[in-house]
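If you read the sequences in order, they're chains A and B. Per the numbering used here, the first sequence starts with residue 23, numbered consecutively. Per the numbering used here, the second sequence starts with residue 3, numbered consecutively.
Among the hints, a few may not be true.
What the hints assert, rightly or not - Straight line, CA to CA, 25 Å or less: simulated DSS-like cross-link-like pairs of lysine-lysine: (1) K55(A) to K109(B); (2) K293(A) to K128(A); (3) K102(B) to K222(A); (4) K84(A) to K191(A); (5) K109(A) to K321(A); (6) K109(B) to K56(A); (7) K84(A) to K321(A); (8) K275(A) to K222(A); (9) K66(B) to K293(A); (10) K109(B) to K187(A); (11) K32(A) to K66(B); (12) K187(A) to K305(A); (13) K109(B) to K222(A).
Rather than coming from a laboratory, the hints here were simulated on the basis of the structure.
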Amino acid sequence: MKEILRITIKLTITCLVAAFVMGSVFAFTYNAKKHNEHLNERQTMLGLIGYGRHNDAPSDLKLHTIYRYIIEDRGRLFLGYLVPVRKEREESHELLLVTVEGEFVKRLEAPLDPESAIEATARDEVLKRLLEAPKTFSYSDSTIIATVGSGRSAYLLPGRFPGFKTFIKVMLALDPAFNIVGLEIMEHEEDPGLGAEITKECFRNQFVGKPFERLKTLGVVKEPLPDEFRKALEREKWTGASISPEEVDRINKKYRDHDIYALTGATISSKSVTTGVGNMVKKFSYRVQALDRVIAAQKIPVTF
Amino acid sequence: MPATTKTSSQLVFDGILNENPIFRLALSMCPAVGISTTMMNGLLLGVAVLFVQVFSSCTIAAVKNFIHPRIRIPTYTLTIATWVTVIDLVLAAYVPGAYKQMGIFVKLIVAFAIITMRLETFACRNAVGPSFWDALGMGLGFMFGMVSIGFVRELLGQGTLLGFDVLGFQPLLFFALPAAGFFCVGIMMAIFNYVELVYNRRKAKNR
């Protein structure tokens, strides 16, 4: 009995010490990790729409985030869009309630500045005040609209979908006509050397330039990637080397309507990304057009 | 097993060659086969394993007198999990560039046999100093093994080395698949055994 007690106490102490160490390190590094994630996301977003080390973003480039919520009221589902608006000289937000078919229901003022809106807890507090019981809400996703001056230059969609193992988180960039201009894999747990190759340029860049109509039927082919296409895709690797920008354009045009070449030994991961990206674009195009109709009809002073 | 009498350089050297975890002890074969598709993967995983091995070995060596023999394995597992978590969080917070490349590998290390085995056979019987050198040798040996397998598989499977195109074509795509990992490990084990055989013969002849 004494022995069992001794073992239990020692094991408990070990677990408590391990939990304390991990908890302390987590608390100590949380802010720095969040800051890095935010910086990484912003860098990725600018990179996706063509701005980076070799091409500075214009001074009037702005990123506006729209947060989408699912709202339930007595068994009925609505969509709630928290959109940034300009009120006189201040920037604030409004919550637009629409039906799932895209018809306008209500608009409510949400006193949130753009910096505070980044924090989910701040948004939730405001929404709790605006949406009284029995209404309930849950966060769905967000969209970032890049504007240069007064015109929209790109849409940035963070998204996630099932991969071969768990989920794959991506950031997708679309032009105003919903054609893909960039794809970045943000997080994944695919197998290193196999599914993890989805992060490579030779896979991701196959999606760039794919027109919106083609995305609806885009599939995957289990054929080797043609050498000329590989060189055109691996832009960072071949920059200034043996392939000219005109040649890259010619090759990309040649394969623009082709299906995605699957990664060797990772067909499921390749199909997951292709299907996931296609679904993201299809759903987004439908929703943003419905939202734009509501904004135009209600004359909402959005910042984008 | 009594405490070691080897010097620090002997401990490190043994970990790299005589007691190489992949080619001699046949431990952690799963990452050796599954993750060694490129040299960079092998190098990054090797670095991560090195840190976890060293920190875990030193921790267990420091607290070995307080560990009850009946719960030593859960204690080792908790120690390894704690260090893996700490390294993961610190990398994510302060070295984001390295974390982007290594993050996925660090999380895998908790399940590696090599770490637990070394804590059981060495760290819990020796002081912190020898445990540090032994862990360093094991980590370097693992890194050496992963990089060598990665070298062969990346060169033959993709025609590249460290991501740079060397051959201009892919000689044998088969080497990118897990089955080829078994072949590579087996062949390199045979080479290691043969080199030892020749070395021992020459040593015996010289006597």
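Quiz prompt | Hinted pair K109(B) and K187(A), Cα distance within 25 Å | solution = 15 Å, holds
Quiz item: If you draw a straight line from the CA of K187(A) to the CA of K305(A), is it 25 Å or shorter?
Solution: 24 Å, holds
Self-check item: Pairwise hint evaluation, K66(B) against K32(A), where the allowed Cα distance is 25 Å at most
Solution: Between K32(A) and K66(B) the Cα gap is close to 12 Å, so the pair holds against 25 Å.
Practice problem: Could you grab the alpha-carbon distance between K66(B) and K293(A) and see if it respects the 25 Å cut-off? | Solution: 50 Å, violated
Practice problem: Below or equal to 25 Å on CA atoms is what counts here, so check K102(B) against K222(A). | Solution: 13 Å, holds
Self-check item: Pairwise hint evaluation, K222(A) against K275(A), where the allowed Cα distance is 25 Å at most
Solution: 20 Å, holds
Self-check item: Hinted pair K109(A) and K321(A), Cα distance within 25 Å
Solution: With Cα atoms ~13 Å apart, K109(A) and K321(A) stay inside 25 Å; holds.
Quiz item: Is K84(A) close enough to K321(A), meaning Cα to Cα at most 25 Å?
Solution: 21 Å, holds
Quiz item: Is the hinted pair K109(B) and K222(A) satisfied, with a Cα-Cα distance of at most 25 Å?
Solution: 21 Å, holds
Exercise. Decide if the proposed pair is consistent with the structure: K55(A) and K109(B), CA atoms, cutoff 25 Å inclusive.
Key: Holds. K55(A) to K109(B) sits at ~16 Å (cutoff 25 Å).
Quiz item: Do the alpha carbons of K293(A) and K128(A) lie within 25 Å of each other, as the hint requires?
Solution: Distance of about 40 Å is beyond 25 Å: violated.
Quiz item: Quick one, are K84(A) and K191(A) close enough, alpha carbons at most 25 Å?
Solution: 23 Å, holds
Violated hints for the displayed structure, listed by number in ascending order: 2 and 9.
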